[in-house]
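Visitor: Chain by chain, the residues:
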Amino acid sequence: MKISAIITLKRDVLDPQGKVIHQTLDGMGFKDVNEVRQGKYFEIDVKENDPIKAKTIVEDMCKKLLANLVIENYKIIETQ
Amino acid sequence: MKSSVITFPGSNCDRDMDVALKKFGFKNKMVWHDENELPKCDLVVLPGGFSYGDYLRCGSMASKSKIMKSVIDFANSGGLVMGICNGFQILVETGLVPGVLLRNKYLEFICKNVFVKIDNKDNPYFKNLDKEVFEFHIAHNEGNYFCTSDQLKEIEDNQQVAIYYSNEDGKTEEQFNPNGSTKNIAGIFNKKKNVLGMMPHPERMIDKSLSGEDGSVFFKNLISSIK
Numbered sequence: 001m002k003i004s005a006i007i008t009l010k011r012d013v014l015d016p017q018g019k020v021i022h023q024t025l026d027g028m029g030f031k032d033v034n035e036v037r038q039g040k041y042f043e044i045d046v047k048e049n050d051p052i053k054a055k056t057i058v059e060d061m062c063k064k065l066l067a068n069l070v071i072e073n074y075k076i077i078e079t080q
Numbered sequence: 001m002k003s004s005v006i007t008f009p010g011s012n013c014d015r016d017m018d019v020a021l022k023k024f025g026f027k028n029k030m031v032w033h034d035e036n037e038l039p040k041c042d043l044v045v046l047p048g049g050f051s052y053g054d055y056l057r058c059g060s061m062a063s064k065s066k067i068m069k070s071v072i073d074f075a076n077s078g079g080l081v082m083g084i085c086n087g088f089q090i091l092v093e094t095g096l097v098p099g100v101l102l103r104n105k106y107l108e109f110i111c112k113n114v115f116v117k118i119d120n121k122d123n124p125y126f127k128n129l130d131k132e133v134f135e136f137h138i139a140h141n142e143g144n145y146f147c148t149s150d151q152l153k154e155i156e157d158n159q160q161v162a163i164y165y166s167n168e169d170g171k172t173e174e175q176f177n178p179n180g181s182t183k184n185i186a187g188i189f190n191k192k193k194n195v196l197g198m199m200p201h202p203e204r205m206i207d208k209s210l211s212g213e214d215g216s217v218f219f220k221n222l223i224s225s226i227k
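Just so you know, the sequences run in chain order A and B.
When we follow my numbering, the leftmost residue of the first sequence carries the number 1, and every step to the right adds one.
When we follow my numbering, the leftmost residue of the second sequence carries the number 1, and every step to the right adds one.
Source of the hints: derived by calculation from the structure; they are not laboratory data.
The beta carbon of each residue, even a glycine, is placed where N, CA and C say it ideally should be.
It cannot be assumed that every hint is accurate.
[Stated by the list, open to error] Partial list, derived from the structure: chain A residues whose beta carbon lies under 8 angstroms from chain B:
{"#": "1", "residue": "Val20"}
{"#": "2", "residue": "Leu65"}
{"#": "3", "residue": "Ile71"}
[As the list claims (entries may be wrong)] Within a straight-line C-alpha distance of at most 27 angstroms, the following computed BS3-like cross-link-like pairs (lysine-lysine) qualify:
{"#": "4", "chain 1": "A", "residue 1": "Lys10", "chain 2": "B", "residue 2": "Lys191"}
{"#": "5", "chain 1": "B", "residue 1": "Lys191", "chain 2": "B", "residue 2": "Lys153"}
{"#": "6", "chain 1": "A", "residue 1": "Lys63", "chain 2": "B", "residue 2": "Lys112"}
{"#": "7", "chain 1": "A", "residue 1": "Lys63", "chain 2": "B", "residue 2": "Lys127"}
{"#": "8", "chain 1": "A", "residue 1": "Lys64", "chain 2": "A", "residue 2": "Lys10"}
{"#": "9", "chain 1": "A", "residue 1": "Lys75", "chain 2": "B", "residue 2": "Lys191"}
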């Protein structure tokens, strides 16, 4: 089944890319933006079909490789 | 003295490091990342470059490669492991040294000479050096050192900061910080001070006619203090 993981920077970590995107949006006329934070999105097709087990596997991947827990948080979403 | 330089796919400072180590008397071996065992040696170097194309996070893929298991065991048993630039990024991803390296504050690749100040010489890398300020070269996009405030306290309490970005007089003010690193940190030790990660490249400063000689001072001292 397909499981998705979203990795985002923690609140207290500076995100210069998000800042530049915000400034560019502002320059394009999108004036209603408070803040932009950039992250990563993974779609992982695992062989496991039990949703709880599949999420546990992807969570383990997030902890060990996909996210660096010093600066990033992860969120797991079941997509199928 | 024997050393090993690990080559990952995408490493590009591995040969420079080999030249530098040999110039100052190390018997160096190049070790491919896919090997299982480290050769018997006194020093392991993780060189600079763009291992695995900097995919996911710089150093993250390389930190999980086969050879790194024995590099981590070697470090945990007290062996000297030095990571330069991408090697430093690999070290933080293994957790051997604390913190992470974020993108440079102003989103630019920085390639220039900088001055760094050594704070603490009570370690195998810097002991017996007769000066504190060195001119080294930096070339990186992700060298902005970051750690949590709890980690910073622990790092400072244990005197784990190896080098700070400074000016040529050794002043470590914010204006001499090229990339936004927390507290101007350019290099850091593990708790036992046998593992050193730093962004600057001493191996690029080993020839007066090409660049400078502060790297020569560093390597000469390193080999004599390991003996």
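Visitor: Mind checking the CB of A/Ile71 against every CB in chain B and telling me if the closest is under 8 angstroms?
Guide: 5 angstroms, holds
Visitor: Is the interface hint satisfied for A/Val20? The criterion is a beta-carbon contact with chain B at less than 8 angstroms.
Guide: 6 angstroms, holds
Visitor: Check the hint pairing A/Lys75 with B/Lys191 against an upper bound of 27 angstroms on the C-alpha distance.
Guide: Given that 27 angstroms is the threshold and the Cα spacing comes to 32 angstroms, the pair is violated.
Visitor: Within 27 angstroms, alpha carbon to alpha carbon, are B/Lys191 and B/Lys153?
Guide: Distance ~13 angstroms between B/Lys191 and B/Lys153 Cα, so the pair holds.
Visitor: Checking one constraint from the list: CA of A/Lys63 to CA of B/Lys112, max 27 angstroms. Satisfied?
Guide: It is violated: about 35 angstroms lies between the C-alpha atoms, which goes past 27 angstroms.
Visitor: With a cut-off of 27 angstroms on the C-alpha distance, tell me whether A/Lys10 and B/Lys191 pass.
Guide: 26 angstroms, holds
Visitor: Does the alpha-carbon distance linking A/Lys63 and B/Lys127 stay inside the 27 angstroms limit?
Guide: Violated, at roughly 37 angstroms.
Visitor: Holds or violated: the hint that A/Leu65 contacts chain B, with Cβ atoms closer than 8 angstroms.
Guide: Result: holds, 7 angstroms to nearest chain B Cβ.
Visitor: Between the alpha carbons of A/Lys64 and A/Lys10, is the straight-line distance 27 angstroms or under?
Guide: 17 angstroms, holds
Of the numbered hints given earlier, the model fails hints 6, 7, 9; all others are met.
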